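Student: Residues per chain are reported as follows:
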Amino acid sequence: MLMKLLNLIILLFVPFLMMGVIKKTKAFWAGRKGVSLFQPLYDFIRLMKKDFVISRTTSFVFKTAPVVAISSVLAASLFVPMASGSALINIEAGFVIFAYILGLGKFFALISAMDTGSSFEGMGASREACFTTIVEPAFFMIIASIMALTGNFTFTSLKGILENAGSYGILITIFAVAALFLMILIEGSRVPVDDPTTHLELTMIHEVMILDNSGSDLALLTWGNSIKMLLISSLIANILIPAHFSALASTALYLFIIFAISVIIGTVESGMARIRMSHVFEFVFIMSSFALVVLSLVVARMFGG
Amino acid sequence: MNWIRTKNNTKINLNEIPCLEIQELRKEIIKEQKRPVAFFGKDWGNERVRLFVVLADDKQGELLVSSALFRSFEKSYESLTQDIPAFHIFEREFYEDFGIEPLHHQWLKPVRKNQKDYPFFEMQGEEVHQVGVGPIHAGVIEPGHFRFMCNGETVYHLEIMLGYQHKGVENLILKHPSNQLAESIVGDSVIAYNTAYSNIMETLKDIKISNKAQLIRKLALEMERAAIHIGDMGAVAGDIAYLMGAAVFGVTRTLVINTMLEFSGSRFGRGLISTGGVNFDLDKEKIERAQKTFEKVEKDVERMAKTMLKNSSVMSRLEKTGTVSTERALEIGLVGMAARASGVELDTRFDFPDKWINELNVERKPFKGAGDVLSRFKLRYKEVLESLAIVRKCFKELEKYADEPVMTYSDNQYAKDAFAISIVEGWRGEVVHIAMTDNTGALTRYKIKDPSFNNWYGLALAVRNNGISDFPLCNKSFNLSYSGNDL
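So the protein sequences, as listed, match chains A and B. Be aware that the first sequence starts at 1, since it is given in this note's numbering, and climbs by one per residue. Be aware that the second sequence starts at 1, since it is given in this note's numbering, and climbs by one per residue.
Honestly, the hints are just simulated from the structure, not real lab data. Remember, predicted model here, so these are calculated numbers, not experimental data. Heads up, the beta-carbon is just placed ideally off N, CA and C, and yes, glycines get one too. One or more of the hints may lead you astray.
[What the hints assert, rightly or not] Here are the computed lysine-lysine pairs in the DSBU-like style, where the Cα-Cα straight-line distance is at most 30 Å: (1) B:306 to A:24; (2) B:310 to A:33; (3) B:175 to B:59; (4) B:284 to B:355; (5) B:310 to A:24.
[As the list claims (entries may be wrong)] Here chain B is said to cover these stretches of chain A; the calculated rule only asks that three of the stretch's residues, wherever they fall, bring their Cβ under 8 Å from a Cβ of chain B: (6) 65-71; (7) 277-283; (8) 288-296.
Turn these sequences into a full structure, and let the hints steer you where they fit.
Tutor: Next up, the structure:
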């Protein structure tokens, strides 16, 4: 029970801290002091207090989308094991529900962007939809492969791959973690896929879709996006945390891994330029190819002897 | 004689300028095949309009001036654009200002006025879509409307509609000629504009300024060039989300403009230059401090630029993005930095040299440009280093003239019936000012041409067949002025 409560606390606060750490890392590399670690949380509170402006071109879709988006992310998070190693809802094939609940949120984000009638937002929606269609099968391939290996069709099976899969374990771990890390960059719309700090509408992907949202709607959408990054990071953490660790040790390791991922994201963002839009597909396909490697490793392990 | 040859910052008598029939002038222009510098009208009384043409003979360092008179019944002529496309924007401007139609001009669109019926080029097709951006943009930039005709992510055509900043500067100068006004026309070329204006006033009023003042003007101009180029390199880095470049170049640019602040009390050098010289002297202490700062600037720029150009993710964004080929650049008459990046050697500092080019031993270093964003980035990098070298030479040369005054005071009036041209190579390219006086010695026409006037169309060509998400990057690599175009 205590662990589940901990899960909830992590879910509510760690996404903001994650953003704070990314910002701090970027500031460090740019030689600046940077804003407080809690700035994303302050921004959230500030935006929640604000009223919103809604364009006359929009319909009810635009107003409902932020709520659907945040509820879908929160609902999806119930299926993801966090610090405790077990999710709040631990059922078989939970990952399918997880993926499609997130998909529902994204679908609403897309049609809400189209709803504004802005050509920018249409462009952003088309880009986002494109990348998602490539990311989704790759995600399934990775998770399903690992689950097939352990025979346990819940997210809990992610734990202990390193120990259970023998000599293949380390390779599976490397490729699965790398693919999921790329997924964070793509789904979280970070550099090199997207630039979260740009003001140039023509180059945006995720940011442009929420261009018309303001006030609490905007706050929810931004929060939802950072929760999504936390969820995928949690999957990585669960792959990496050894199964025999005590609850305390695994919680500490979990938090450390989340922190480390944030620092790595910040460093990647500082050290490289954004990829040209036409090359982003190639980048997204790296994730798919990693997923294929995981699949083939699992097949080799199961049938190759 | 169908042309009168003159030089930069030289006064000629208005009556000596040949006045031809338009058909004849047209033939002459086509025969000469030289680069247009100015093509503008002046109200000549009795509903007549006199058209002045200035061509540049860059090889000889001379300017060719001629004119034609349109009587009240002559309201059209055969356009020059058909034969020399570089005239397209000049003829559009002339038509807009005086209503004299260049016949068979490929596309006679408004330049800065008459925005209500602005014809946009349109494409049709199932997957073709239009994206309109502006006139109000995200970020602190000037207004301008961009309309993209796209197929998916690829831009087929870009229409640039400007004029939102039109404020009638040319007429304002006639009414209230002042350095303050001149330096406010284009906010990022304060020194270039004020130098051009002061030069022309000094030419018309026969004022000789001291060597010291000339040197201070020169070094200020190069500091402006260095500062803006560094800033734009940072902006290019920012656009491709290369954080480190944006941060380092941002800091370095501040060092340069803060030195300008020390010299003149304004980071952009407002109030530094005045007709007759400059308003601020540079003492030894200031120069020493500046020299130290610039050493650091040079080192930082060099290190950061080299790091950036080695980074493969940066190179993949800059290379072969937004290319304007040499042929295209020549055809549409690009000038200044954009032209040089496309491999067209045009630099009025060397084409129309002042005495300091020789005395300071400044040499033109050729640049092999491919016309893409990378070339423009590399060219800026090269010019920053060159400018800082010139500044260093100016500091050294200043020691020789330590006793000279910075300001020459004079009550001279404008010469009568005079025509003078002043060209200054600002960081974007040639800033051209032309002034005319009448037989009473009153200023009657003031014409300004900003390099952006020629180069906006270059941007439109650069983005063709590029991804629409690369437009901001192309735009930043040119960084053209809205105000300079709209005047």
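Student: All hints are to be evaluated individually against the structure, with a verdict given for each.
Tutor: Cross-check of the supplied hints:
no. : hint           : result
1   : B:306 to A:24  : holds, 26 Å
2   : B:310 to A:33  : holds, 27 Å
3   : B:175 to B:59  : violated, 36 Å
4   : B:284 to B:355 : holds, 24 Å
5   : B:310 to A:24  : holds, 26 Å
6   : 65-71          : violated (count 0)
7   : 277-283        : holds (count 3)
8   : 288-296        : violated (count 0)
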